[in-house]
Amino acid sequence: MVKIDDDIRELRIRIAKMASISIDMIEKASEGLFSRKSELFDDVIKTDNLVDEIDNDIDKTVVKICAIRHPEAGDLRFILSCVKANVAIERVADNAVNIAEWGLKINKYPQLKPYIDLPKMRDIATEMVKDAVDSFLDRDVDKSREIIEKDEIVDNLEIQVIRELMTYIVEDAHNIKTALRLLYVARAYERIADQATNVAELAIFTATGEVVKHRRIKE
Amino acid sequence: MVKIDDDIRELRIRIAKMASISIDMIEKASEGLFSRKSELFDDVIKTDNLVDEIDNDIDKTVVKICAIRHPEAGDLRFILSCVKANVAIERVADNAVNIAEWGLKINKYPQLKPYIDLPKMRDIATEMVKDAVDSFLDRDVDKSREIIEKDEIVDNLEIQVIRELMTYIVEDAHNIKTALRLLYVARAYERIADQATNVAELAIFTATGEVVKHRRIKE
Amino acid sequence: MNQVLLSVKDLNFFYGETQILHNIDLDIYKNRTTALIGPSGCGKTTFLRCFNRMHDLYRNNRYEGEILYKGENILKVKDLIELRSKIGMVFQRPTPFPMSIFDNVAYGLKLKGVKDKKKIRERVEKALVGAALWDEVKDKLYSPALDLSGGQQQRMVIARALAVEPDIILFDEPTSALDPIATSKIEELLSNLKKITTILIVTHNMQQAARVSDFTAFIYKGHLIEFEETEKLFTNPKEELTERYITGRFG
Amino acid sequence: MNQVLLSVKDLNFFYGETQILHNIDLDIYKNRTTALIGPSGCGKTTFLRCFNRMHDLYRNNRYEGEILYKGENILKVKDLIELRSKIGMVFQRPTPFPMSIFDNVAYGLKLKGVKDKKKIRERVEKALVGAALWDEVKDKLYSPALDLSGGQQQRMVIARALAVEPDIILFDEPTSALDPIATSKIEELLSNLKKITTILIVTHNMQQAARVSDFTAFIYKGHLIEFEETEKLFTNPKEELTERYITGRFG
Amino acid sequence: MDRVRKRKLINKIALGLSVFAAFLGLFWLVFIIVSVLSKGFSAINWSLFFKDPAPPGFSGGGLRSAFVGQGIITIVASLIGIPIGIMGGTFLAEYGRNFKFSRLVSDIADIMVSLPSIVVGTFVYSIMVRPMGHFSGYAGAFALAIIMIPTILRTTEEMLNLVPWELREAAFALGAPYYKVIKDVVYRSAAAGLFTGVLLGVARVATETAPLLFTSFNNPFFTVNPNQSMPSLTVTIYQYAMGPYEEWHRLAWAASFVIVVTVLLLSIAGRFIINRRFSKR
Amino acid sequence: MDRLYVFKDRLFLTLTVLASIITVSIVIAIFVVLLLASLDAIKHFGVFHFIFSQTWSPHRHIFGGASSIYGTVMTTIIALFFAVPTSLGIAVFVTQICPKSLKGIFSYSVELLATIPSIIYGMWGLFSLAPVMRNYIEPALQRLFLPIPGLKVLFEGTPLGIDLLTSGLVLSIMIIPFIASIARDNFELTPKEFSESAYAMGATKWEVIKDVIMPYSKVGLLGGIIIATGRALGETMAVAFVLGNDHSIHLSLIESSTTIAVTLANEFTEADSALYVSSLFYLAFILLFLSFFLLSVAKFLVKKGVKRHG
Ligand SMILES: Nc1ncnc2c1ncn2[C@@H]1O[C@H](COP(=O)(O)OP(=O)(O)OP(=O)(O)O)[C@@H](O)[C@H]1O
Ligand SMILES: Nc1ncnc2c1ncn2[C@@H]1O[C@H](COP(=O)(O)OP(=O)(O)OP(=O)(O)O)[C@@H](O)[C@H]1O
Ligand SMILES: [Mg+2]
Ligand SMILES: [Mg+2]
Ligand SMILES: O=P([O-])([O-])[O-]
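Sequence order for the protein chains is G, H, P, W, B and L.
Here the first sequence is numbered in our numbering, starting from 1 and rising by one per residue.
Here the second sequence is numbered in our numbering, starting from 220 and rising by one per residue.
Here the third sequence is numbered in our numbering, starting from 439 and rising by one per residue.
Here the fourth sequence is numbered in our numbering, starting from 690 and rising by one per residue.
Here the fifth sequence is numbered in our numbering, starting from 941 and rising by one per residue.
Here the sixth sequence is numbered in our numbering, starting from 1222 and rising by one per residue.
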């Protein structure tokens, strides 16, 4: 009935689609890394264009809605949050691309170590993104709070990965290149989790108008 | 005369203020690192609260303006861009804090190497942030394009720093901790320059309504 | 994809000695809604009324230039009766004729000489359905149109215009005499109507123009300042003047 | 910081048998602008007119509850003439009296028995300055008020209300009969006026409420649904109903 | 397209007929005015205004007594009729607005406006002339007042109702008592209309004949005492026109001329006032 | 101060109430007084008999009102017959056809007709119109209609110019401005958008008038016509000169007749017997009743019309 509802639906679909593409990208990039299937990376890097397109579409739609529909209250909070969610999800995709790019190089060398913590990071980060976007679209405050809690797990995993990699470097300085690359991969997962947290915070703002205290900067 | 002008002025002032605080933070954190004055870091970390506050204010102001003034056209583009500029500048401050936090640890150990490229990165990144915010507020398209060009310099400097640090690690595995931390510092400068680029892109969008092609992800 | 239905070329209009419209060039696209916006007195209504030669009802009005429509210049057409049955018009205030709802909607058909009762009935129903009014009036088609509420009257007037299957309908601030609820109904109707016809609408309310139209023309002091897709015009107008107008920095 | 000037407590209002307002509780803060919004017919005007007992002009109107004002219940006050000189009112359409501009603005003072010519002149000037009209009329104070434009008339009416230095001025859709430019002038005036007085304003136009008011009350079917700081109400209303109203999901 | 041609033809015929009707109306007006002016103008001279009628059959003489009588009757009628009319109209539009009674008064006045004036004459005859035993100027004035009251009352009511209600509320909202609202705001706003209403009301009764026929009757002699029968222009015209003498006819035309010119001037004045008022709004 | 306000307010209110009461009392008094004055005649002749008896013979003290009533009704019908179409035509012309610059003059001219006192219509009728009727128009009508069997009765007799037809014509000229100005006002009340939207559908001017403007104003028009009818019924002076004052009923339009008002005007001051006077009052009462009735109907219709158009 209300025109703005159509536009909001359009936004929701775009956000959901972008999220699912980004998650696919993470999974493909990770799969390429963990199973050493470099052919997957190309796909990820190419898909990024699609994400950029949707990103643009979302921003345009937001401008359009604001210009034409003059959203208020809950609608307004949602629409403005979409701008930020869009930035966050776009960063998630960027990080997936980063993983793929590092992966390309990593896979050129023998596997440095069995991947144990990194897949864990992947699992949690991916789930966080998925849940965060869901709870953003559903304005689910409780779920959002749960997601924000999880960020710490990923942070801790990263520290663990860094420690482990350092031992490898100390062991054999030739490992350094691969180790550093894996370090950046870990960082990418951590950033992805961070962006998921951002989206979860936006979910809370959209639902309640309450700005969740900025997370403190982590080590 | 027009009410919305007051609100926009308010936004501009906040953005400008937030930018100048963030730049101060970068400079202080860098100074602390380069001149090994750890007492400066605390200040930086504390100032971040202020940035968070302004960040909140800006978002609130944007919501308010949209709810109450119904901006159109140029006003609208500027106001929506403020949301994104706000995210970017907030990330600049975060990266400054990151530098300070790493700095705290780095300064506990003897200086690994003379800082040559890092100060260069600092200089360029700081200048980029300053210029980007200026050109965003002035809607200066030409200047913005120049800023976007500069991003590559910072990227290249980072690569240089990474290479150099690797040689230090290979040389002596004990350097690894400090070297890694410096690596993260370099990354922080690179991220700052990236955010400046984002702001410059927003400047172009605000001024012309044209979305600048997403930069391709760098190695 | 956007097919030109009417093409205004270098249109000038004069009330007596005073020139109201200056060198207007504009294309109206088929099955699209085109909105005319601009400050009060800029000539929107005057422009709209050129399309069905309403100005001919009064003396001392003069057109120059052309409005091309199926290869003919509307401004030179001799048979206004024929022309006006192709180009419908809806006014600011609802204008139900003092007859039954049915007779109102059938009026144009009767003028056209349609005699076949069954056909008339069908067309009336179709028009009322098209104007989203059928359900509300189907049980009282023969009661006086004046008994309807303002919003219903306006939709009936739209049905009346639709009944003769016009190529284009001109709307002159069709909601400015209605309350907000009736207004939003009409706006919804407008967005659906373009499936079956072409719409040219004058509105005082910029937001309305933004909501209902595909193209927007901004007129200022009788000059066409900018003509653009609505979305473009409201987010990124080319002209400084347009920008100032839509951001409320006028006067 | 927000000082209560008037306090409405459990107000009910009846036109004859029909209850129009139900248990309204609300505080009006001094030197703040409070807007009343709500769908047509919800009782905004009715509510506003309780404050100066306008309803007493007609029969069969009944108040219950209280509106506290300086320790007194307005609804029980005997001396309406005194009350009304404390509580000004501005209507939808400008209401210039058929006298000179000066006499219009001085009218309230004369009613109060102010005789001193000099004092009257001073107060008239002050009121006209306050209503942002002085510069436009200072050279024609003695020409008929009817010669002013609509927007000027409305500002003159505001000056007339200001002249008696009322504690509060009630506005009932003060711009709905004006064109956009005059409207924006009045809106600007409204934002400045709260420095010198308190404002209670009914408006149909939500955006206007958003622009000019510090507090907003949303009324629905005679009930006060929500009363909040304007910014809060428009960005994050507490009540579902308010949200639906301001996001246009009504009816 | 044949159908369209037929429609256009019908259109032309119908419009042609209405142009004809309009010129027919104009024709009558010209016919009447020209008759009155041409026949009347030649009979105008000073003695018309300054001499009393000569005895029947004699030439010369004028209508001084009739002019004066007419004047006195009209003035007395106005003194009774105007205040009652205006006050009554004020009641209907203001204080009495909410009372059923006032709607009744308004309806009755409306109907009274077009009651046959001769009926009013018979009424006054039976309540004044018969009891007093003689015709009198007062009776004539009273009859005219009765005719005048509803006209003025209704125009007053209408003119006051034209004053937007908000204007009154605005005055009330400043703390004005009702009588001041009426006096300062309502009357002032309606002033032009009220004045025109009074003017037309007076003009209307000043040209009445029927109600005077058996109230003030006529009097061949000059008098300023309204307590006896009194001559008036209209009744004089009636008698003279019906009479057999050429001289009488001449005087009747002259009197008609005066009346027509006066009425024209008055109605032009009235129109002027109304025009000014409405062009201002 | 405020007490003074209250007192003055009361005083003013009282005066206005008084004025209203006086107005109503007058109307009631007219009814009562005329009824009382005609009681004699009512007792004597009854209602039915008085209305249908043609005999009006002061010498024989027999009074029947039929001839006066017939004349009243006939002159009125003739007046309406001429006035209604002409007035509508004038209104159409003024509002729809004539150029703006002439509009004012034209409608003002028609209104001038209304301001001319009825006595002058009478005189003009007698001295200017009657000769024309007698010498040209009535003979012409006879030539035209006498051969037609059905219409023969309406035009029999010697054309004198002092007859029903002339009276009706004078009356019609008197009420034309009245109906025309009401019609014009009502036509003008039709908002421009309404007619424009009919034009916008391709209607011709006549179709716009017929389908939109006329129906839109029909209630107001009807009310106006009825009020004009009331005027014609009660008109005295315009008719008194040209009707001939003949107390007998003729079908022919070119025969003399009388109306209630004319009878009153001519005979009231000369009535010598109480019954005579009472009979005249009886006639006056009937006239009062008739016009009161008509005007009430008109009032009702006009009110309904106003309600319809808001
Ligand atoms: N009949 C007329 N004769 C002369 N000038 C006219 C006439 N009608 C309109 N104008 C003038 O033409 C100009 C344009 O009028 P128009 O009605 O087209 O404006 P508009 O843009 O529709 O304004 P609004 O938004 O107030 O309806 C105005 O300056 C007006 O004064
Ligand atoms: N004099 C009256 N007598 C009876 N009911 C009335 C009267 N005036 C208003 N009402 C009713 O009271 C209700 C509230 O009317 P009110 O004028 O206060 O509404 P509002 O909110 O001001 O509406 P709007 O926005 O249309 O001005 C409406 O339902 C109306 O029908
Ligand atoms: Mg980069
Ligand atoms: Mg209201
Ligand atoms: O994009 P990031 O700076 O948050 O990694």
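Each hint should be verified, as a subset may be incorrect.
[As the list claims (entries may be wrong)] A partial selection of chain W residues facing chain H, derived with a Cβ cut-off under 8 Å: (1) Pro833; (2) Gln896; (3) Phe923; (4) Thr924.
Hint data in this document are derived by calculation from the structure and do not stem from the laboratory.
The model shown is predicted, which means the values in this text are computed figures rather than measured ones.
From the three backbone atoms N, C-alpha and C, an ideal C-beta is built for every residue, glycine too.
Checked hints:
no. : hint   : verdict
1   : Pro833 : violated (30 Å)
2   : Gln896 : holds (6 Å)
3   : Phe923 : holds (4 Å)
4   : Thr924 : holds (5 Å)
When held up to the earlier numbered hints, the structure conflicts with hint 1 and nothing else.
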